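Enquirer: Just so you know, the protein sequences line up as chains A and B, in that order. Mapping the first sequence onto the UniProt record's numbering, position 22 (from 1) lands on 22, and the numbers just tick up by one. Mapping the second sequence onto the UniProt record's numbering, position 142 (from 1) lands on 142, and the numbers just tick up by one.
Hints listed in this document are in silico derivations from the structure and should not be mistaken for laboratory results. Keep in mind that this is a model prediction, so the values were computed, not measured. Glycine residues also receive a C-beta, built at the ideal position from the N, C-alpha and C atoms. Treat the hints with care, as some may be off.
[Unchecked claim] Computed Cβ-Cβ distance ranges for the label pairs, DEER-style:
#, chain 1, residue 1, chain 2, residue 2, range
1, B, Val182, A, Val253, 33 to 43 Å
2, B, Glu92, A, Phe75, 53 to 63 Å
3, A, Ser337, B, Ser147, 50 to 60 Å
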Amino acid sequence: MTMDHGQGYAYMERSGFRGDGVGRRRRLPAGLRAPVEARAWKEFGYTLLSLPIGITAFVFAVTMLSLGAGLLITFIGIPVLAAALAGCRGFGALERTRARALLDLDIAAPEPLRPRARGAFSVIGAVLKSGASWRHVLYSLLLMPWSIFSFVVAVAFWSYGWVMLTYPLWFWLFPLYGGQGGIQLYGDDNHRIYLDNPFEIGVTAATGLLVTLAAPWILRALTTVDRVLVAGLLGPSRLASRVVELESDRGVVVDTAAADLRRIERDLHDGAQARLVALAMDLGLAKEKLTEDPEAAARMVDEAHGEVKIALQELRDLARGIHPAVLTDRGLDAALSALAARCTVPVQVEVDLAARPAAAIEGIAYFTVSELLQNISKHSRATQGSVDVWRSDDRLMLQVIDNGAGGADVSAGSGLAGLAERLDAVDGILVVDSPQGGPTAVTAELPWRQG
Amino acid sequence: MRVVIAEDSVLLREGLTRLLTDRGHDVVAGVGDADALIKTITDLAARDALPDVVVADVRMPPTHTDEGVRAAVYLRSRHPDLGVLVLSQYVEEQYATELLAGSSRGVGYLLKDRVAEVREFVDAVVRVAEGGTALDPEVVAQLLGRSRKQDVLAGLTPREREVLGLMAEGRTNSAVARQLVVSDGAVEKHVSNIFLKLGLSPSDGDHRRVLAVLTYLNS
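Generate coordinates for the entire structure from the input sequences, incorporating the hints supplied.
Expert: The structure is reproduced here in structure tokens:
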């Protein structure tokens, strides 16, 4: 009879749970959904794991540190200390993985050790001097007390909640416990209170429901502290993060410079150089013809003359592409007006600057507008455009607008993405607003540096 | 002489075509990249109409690096009778070494600027078409400069070094004589002195002589 009930119950719960799971996701507010969501269970798992891990790390750190400190009078203490620190760093790597898997918290590894030379002594020195090592030790020491507390709180809330919530089922399955009906809530020699009437059972289940609903938020609060610990003590220091950022920026700058040089070399090779070779060839032919066929020679010299003028034009364009003279001489207003004049679409230029920015910033602003105007000429099918430049506190703002077809490509590898990367390298920002059908507005922000 | 031109700059391709046609040579085809060149030559060979010489730019699409040299090396291995003259904006002794690997028969490597000297340039194309060699003076200078046999080279008189350079470019005795404004006999005397000092056995054919000199310089 009991078995039947049990099977029936199991079946009911399975089907019911499935129905609830699907239905709840659609109907129920986050507060009611939280106890059955994967996130809550993962955080619970994290808190459970913290206790054994915290104790192990604490024991390791305390043992090794005291051993190392005790042995410091002899030389052997230093490598022992270094081993303690290195162990804590390795443990930190595990912890970052655990946080990534269970808390969805992605923390980068701290700055690597940079021993000055090869050899054990340099490595030991680097381990001991690295601030990150000591932060890892601090984490190893702090984790245990915190994990004991959070373990107790989490387990209490989680288990009491679910047990109380399902109390009616327990009561139904096992009406008698220790010869009495229901669980003993309170008891001394005189009074004993058993949860055995429907009202008490109902109150117990309701309390269980409240505790179950509260448990995920308690867990979230507990793991927030874990997140702070992991992020603050196991990640790269702020200085190191900035160094990584700058290294990446510098990489972009170097890449950009190399790409520019390649472009210039290509332009020279395909343009002016080829034209000059053709010119030399024409003149060579003319020289050969000078005596036998002066008329043909004159024609060739004429052609060569035309070639040399085109070659000069190409060299001038190329030089302007490297750095426009007018930008240096007259500033952004004149240079951008010249750019706009060469655009195939009529473009209105408005530059509102009381002073000139630094030459580097001016150059970047110029090339940004130049590329955006080229895009307008090539892709936009616009009939008019505008360029606005102004200063807003410590930022130089550029805005290029056209009334073309919109839908500008900002995916990786596109010209705009390249532009955004180059601006990023100088702490600038590029914002593209280009809905299908237009209009397109591209806004760039550069840091203002006084020229 | 039947010529195929591979050059991605239309301007230069047409210039070269005009220059060669003007001198009474037959430009069979003009192409813009290495793949088209190999395809054209393969087609012509299949019709038993292999040209005498290919004039190819080093840098062509798609990568704009050295596809001209690679195509030239490939064509020379497939068609040993085909002369290949490679033109380059810059002189890279490495490219010359790759081209000359194996044989110096019907191979040339010149700076593009050389087309300005129309007569010399066309002479070089004809020389390569006939199985001779045409190496740019700058390539030869690099080869001479890089050779590990500096001590032996130092034993040559200035005039002999000049003759050695012109010889390495692939010129015949009479061409060398014309260039240096001396008699053919004088050049022959210099040449046999050079071969004696370098310890090479004198050989008759111009291109075999070049090969001997280049092998010597490169070893």
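Enquirer: For every hint, state whether the structure bears it out.
Expert: Here's how the hints hold up against the structure:
| no. | hint | in the structure |
| --- | --- | --- |
| 1 | Val182/B with Val253/A: 33 to 43 Å | 58 Å, violated |
| 2 | Glu92/B with Phe75/A: 53 to 63 Å | 59 Å, holds |
| 3 | Ser337/A with Ser147/B: 50 to 60 Å | 58 Å, holds |
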